[in-house]
Structures are given as structure tokens and as C-alpha cells.
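*Asks:* Sequence:
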Amino acid sequence: MATTQPFHNYQEKRPYPLVEFLRQTNASPETKPYLQNLRKVYLINKSDSSWSDGRFFVEMDLLSCWALFDQLPSIESIGADIVKEDENGERTLDRPSNISRIAINHSHVASTTLVQLISSCRALREFQYSMGGRASRDGGNPMVNPKAIIKSILGHKGTLEVLDLDVDGFVDLEGVVGDENDYECMEYSFDRYGSPFETDEDPALLEILRSIWVHSGSLKDLGSLKKLSLGFEFLLYFARGVSVSGTMEKGETPMLVDCLPDSLEYLCIRGYEKGENEEFDRQADALMAHYESGSSNLKELKGIMEKIPNSANVDNPDDDYDLLWSLQELGYESD
392 MATTQPFHNY QEKRPYPLVE FLRQTNASPE TKPYLQNLRK VYLINKSDSS WSDGRFFVEM
452 DLLSCWALFD QLPSIESIGA DIVKEDENGE RTLDRPSNIS RIAINHSHVA STTLVQLISS
512 CRALREFQYS MGGRASRDGG NPMVNPKAII KSILGHKGTL EVLDLDVDGF VDLEGVVGDE
572 NDYECMEYSF DRYGSPFETD EDPALLEILR SIWVHSGSLK DLGSLKKLSL GFEFLLYFAR
632 GVSVSGTMEK GETPMLVDCL PDSLEYLCIR GYEKGENEEF DRQADALMAH YESGSSNLKE
692 LKGIMEKIPN SANVDNPDDD YDLLWSLQEL GYESD
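When you number the sequence shown by my numbering, it's gap-free, plus one each residue, and the end is 726.
Calculated directly from the structure, the hints in this document are not laboratory data. Careful: at least some of the hints might be erroneous.
To be verified - Under the rule of at most 35 angstroms between Cα atoms (straight-line distance), these lysine-lysine pairs were calculated in the DSBU-like manner:
no., residue 1, residue 2
1, 431, 404
2, 690, 665
3, 690, 611
4, 475, 693
5, 404, 548
6, 665, 617
7, 611, 548
8, 475, 404
9, 423, 437
10, 548, 665
11, 437, 404
12, 665, 693
13, 618, 690
14, 475, 423
15, 475, 611
16, 431, 665
17, 618, 665
18, 475, 437
19, 431, 693
20, 693, 611
21, 618, 693
22, 618, 404
23, 698, 665
24, 617, 690
25, 665, 611
26, 618, 548
27, 475, 548
28, 431, 698
29, 698, 437
30, 611, 431
31, 617, 431
32, 698, 617
33, 698, 475
34, 475, 431
Said to hold, decoys possible - Between beta-carbon pairs, the in silico distance windows are:
no., residue 1, residue 2, range
35, 699, 612, 21 to 27 angstroms
36, 614, 422, 33 to 39 angstroms
37, 423, 570, 55 to 61 angstroms
38, 709, 482, 29 to 35 angstroms
39, 693, 483, 36 to 42 angstroms
40, 709, 431, 32 to 38 angstroms
Computed from a predicted model, the values in this text were never measured in an experiment. Built from N, CA and C at the ideal position, the CB exists for glycine as well.
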């Protein structure tokens, strides 16, 4: 199924018949003959707003749309693009779902929302999230906490098969290869913003964040992972891992070749260019030697010989219109 958001506001007193139909079916699918075999939903993110002219991210009440399908018996996948969170939309999601594959790309979504989607899955098998591709109306970016994302993913370390995150251009991960002060400042930020220790968040959201903050582990623990696409800094951070109380001690940066899951068959590294950083070069050389040795299950390694850029917003959409991501790329009319 492909559908636009079928409501203006999730609290509408007289919702459209389609909304009422989806809510009733999703609430008790075992008593309904409808949508029993629906496996995949794509949310066509279009708007009738005058702002919706192909330059900016488009507002969507993502959590309320999710809640129209998450209990269906055969549902597997939900995807959407160019999403900016609706400030008047639903803020929390506190029930388990049957969805196992998530693809939110070219979007503008905070990690507090991503964590809720990930955590709600009974068994997460695939998670894709990328930022950028449009212009931000106010010039700002949503808060993205890599530690929170990692901790939520570690709740599915036995089932996750595909992980594709493109967020390095929007978060400060320089402390991963910086000095002790850089590292401590980075960790301080991750433990304050988008974490259960943030003081002005909704109590229900803080409870969800507290539930994932008990998770510990590292990239190596993703025992079913087959395909991995990450920026180099995020990859190093995940390789070090997180503990219940924080991140593993700074110490010496671990070698990535020793931190990859044995099950991994495909690795794509974004943002690496030879000669820009000695530590990255050391890691890249070791990865290439490991790949060429044929001593692992790794069948494809991308981003070492050729640079794959991290995603970015289009800061000057009027001048760089060709850089704007469009729904036409998926066969839909432009938003």
C-alpha cells in the first residue's frame, strides 16, 4: 500500500472514513477480514501547503501514521521520505509493533522519534535512516544522538540484518578520534540531549529512553548483521560500544577489522578520503587488507577506494535545485 497521510490532525473529532477504517482494523485485526496480508506500506509525503514546492522537507505526523498499521498480522515494512516532524503531531509511541523493517530517508527526524520506532519493533530486521536532500526552512537541524540510536539498536542485536545510517554530517563525532577533552565533551553532549537525563522532555518519552539506556554492547554484538552502511566516525563509535553507564573507556581506538560481526557480508563506509586523517587511513588500510585476504564472510567493501559523501542539506535550493531529492525518483509526482 502507498498512501499519503490520511488526516490533517490525529486528534480530529470527525476523521475521514479511511482513517476510521484503518484505526479500527489495526486495533483488532483478528476480528476483521481486511488487510490481513498487507506487508509493506509506503507513506507518500505530500502536502497541500504553499510551502510544499520541492525545496523543503514536508511535515508529517510520523508516529500517528505508524499507528495505523503497526498491529496488522502480516505487516513487515514502513517507509517514507523527506519527512519533517509535525510539531502538532503525536509525540510518543509506547506499544509493541509487528513492523520489522523501517526506511526513513532524505528526512529531518530527531533521534527521540527514531528510538521509539526502533524500540517498538518486536523484532527489527532492517533499519535505514538518512538525513539531507532538502533545505531546512529555519536553517536548523533535528537533534540526533548516536548513543541513543546505538542503544535502541542493541535491543535487536539478535535479529538485525541490515543497518544503513547516514547522519555523520549532522552530528559532532570528532571526539571519536580526538584527544581526551574532545571525547569527554562529545560524551557529555550525548548523555544530556536526547537522553533520559534531559530535564524538559515529556515523561512518557523519558521512560522510553530509560528503557533502552540499560542496553550495552558494540557493533560486534550484532550477530545477524549482513549489510552495514555507516559514516566512518559513527562506525568507529559503534565499534567501541556503549555500556550501561556510558561509552566504553576512551583508551586506544579499536581496530575495525576486529570489531565487525562475523556474519557481515557487505560494508559501505561514507565520508572517507585517503590522506585526510591518519587514524582513518590506518583503519582503512587494515580493512582493505582484511577484505582482500578472503579470511572473512565480507564479500563487498565500498568507500575505501572511492569517496562516498555523507548526506547534507541543500543550503541554497534556488541555486542548487538539481541537488534536491524528489518523490519523482520513486515514480510519484513531485510534492
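*Asks:* Any hints this thing doesn't respect? Which numbers, in order?
*Replies:* Those not satisfied are hints 5, 16 and 22.
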